[in-house]
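Residue numbering for the sequence shown is 36 to 340, as defined by our numbering.
Keep in mind that the hints were calculated from the coordinates and are not lab data. Computed from a predicted model, the values in this text were never measured in an experiment. Check the hints yourself; a few may be wrong.
Said to hold, decoys possible - Here are the simulated EDC-like pairs of lysine to aspartate or glutamate, each with C-alpha atoms no more than 16 angstroms apart in a straight line:
1. K156 <-> E125
2. K244 <-> D216
3. K50 <-> D171
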Amino acid sequence: MNRYAEMLVLVRAVKDGSFSAAARNLGCTPSAVSKAVARIEDRLGVLLFSRTHRAISLTREGEAFYAAALEAIAAVESADAAVTGGLIPEDILRVRAMPIFAQTALAPHVPEFCRRHPRLKLEIHLRIDPGHLLDDGMDVAIQVGQLKDSSLVARRFASTRWIICASPAYLAAQGAPASPDDLAAHSCLNFIPSIAASTWLVGEAAPVKVASRVTANQASMLMELARTGLGIVRLTELQVADDLAAGRLVELFPEHQCLEEDPIFAVYESRRHLSARVRTFLDFLDETFSEPPWRHWRGAARNPR
Numbered sequence: 036m037n038r039y040a041e042m043l044v045l046v047r048a049v050k051d052g053s054f055s056a057a058a059r060n061l062g063c064t065p066s067a068v069s070k071a072v073a074r075i076e077d078r079l080g081v082l083l084f085s086r087t088h089r090a091i092s093l094t095r096e097g098e099a100f101y102a103a104a105l106e107a108i109a110a111v112e113s114a115d116a117a118v119t120g121g122l123i124p125e126d127i128l129r130v131r132a133m134p135i136f137a138q139t140a141l142a143p144h145v146p147e148f149c150r151r152h153p154r155l156k157l158e159i160h161l162r163i164d165p166g167h168l169l170d171d172g173m174d175v176a177i178q179v180g181q182l183k184d185s186s187l188v189a190r191r192f193a194s195t196r197w198i199i200c201a202s203p204a205y206l207a208a209q210g211a212p213a214s215p216d217d218l219a220a221h222s223c224l225n226f227i228p229s230i231a232a233s234t235w236l237v238g239e240a241a242p243v244k245v246a247s248r249v250t251a252n253q254a255s256m257l258m259e260l261a262r263t264g265l266g267i268v269r270l271t272e273l274q275v276a277d278d279l280a281a282g283r284l285v286e287l288f289p290e291h292q293c294l295e296e297d298p299i300f301a302v303y304e305s306r307r308h309l310s311a312r313v314r315t316f317l318d319f320l321d322e323t324f325s326e327p328p329w330r331h332w333r334g335a336a337r338n339p340r
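Model the full assembly from the supplied sequences, consistent with the hints where possible.
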C-alpha cells in the first residue's frame, strides 16, 4: 500500500470513527486498516490515534497529519481533474436521504446523474433515525427541515411547504372541514409522536390538535392510506403535488395553510476539503432543484370541496 492509499485509509477511519467502520466502507478488514495506520505511525515515529476498546480519537500529532492528509488528497484529485477535464475518477459516493425526498424527488433524476458520471458508484441510504447525519461513511446527507446546531456544513438547495389534504372519497363520505378548528372532529392520519412532523402547524396559529386514528413512521405509508380515503393527512408538497394536480387529493382550507417553507439541505463535512465526488453531487442538486418540480401544480384549478 502506497502513502496515498494509507492516507485515504486514515481519513476514512477518522470520518467513520473506528477502524471497523472504515474497514466496512473500504471493503477490507479492520486489521488491514490498523496496519495501514501503524505503518504511518512507524514512519513518523509518533502516535496518531489514542485507542480504547470502544473508540479512537486523534492525538495532537494525528490532528496535524489528518489536516495535511486532506490537503494532499484534494491536491491529487485536482491534479487528476486537470488532465481528465473534470471527469470524476472511479469512486463511491454515499448519500443518506430521508425516504420522503429520496423516493419522490431524487429517484427520477438519479439516472441522469449516473449517465453523466459512469465511473462513479452511488450508494443511497434511506434513513429517518436521529443521530449523526454522516455516520457509517456517508459523504452527503439530505435533510428536510431545520437542522440542529452542528459542525457540519449545510447547503440549502430547495424548500417545500406542508399541505393538509384528503381524498375526494373521504370528503364525500365525511364532509370537508371548513377550518383547522374542525380537524378535531375528523379522522386524521399522522406521524408517530416521536417525529416532529406529528405537530400540525397551520398559518401563524398555535399547533392544531388532531385525532389520529392511524399513525406511522413513514410518509409513504400515510400517503397510501390517504389515497384510500381513510383520513386527512399533512404531508410535504414535494410528495403530494402530483396527487393534488391529478385530483387524487384535495387541499383543504388553502387560505389557512402554513405558507412558510421548510428548507431542504445537503449536509457534508467540510467546505475547504471538498472531494470531487461530493462537489459534483452538490452542483447536481443545485441544478436539478433550482426550480422544484413539485410546485407545478400550484397554478392548476383546485377541485371543489
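Tell me if the straight-line CA distance from K156 to E125 falls inside 16 angstroms. Holds: K156 and E125 sit about 8 angstroms apart, inside 16 angstroms.
What's the verdict on K244 and D216, does the C-alpha distance respect the 16 angstroms limit or exceed it? Since the Cα atoms of K244 and D216 sit roughly 9 angstroms apart, the hinted pair holds (cutoff 16 angstroms).
If you draw a straight line from the CA of K50 to the CA of D171, is it 16 angstroms or shorter? 9 angstroms, holds
Hint compliance for this structure: no hint is broken.
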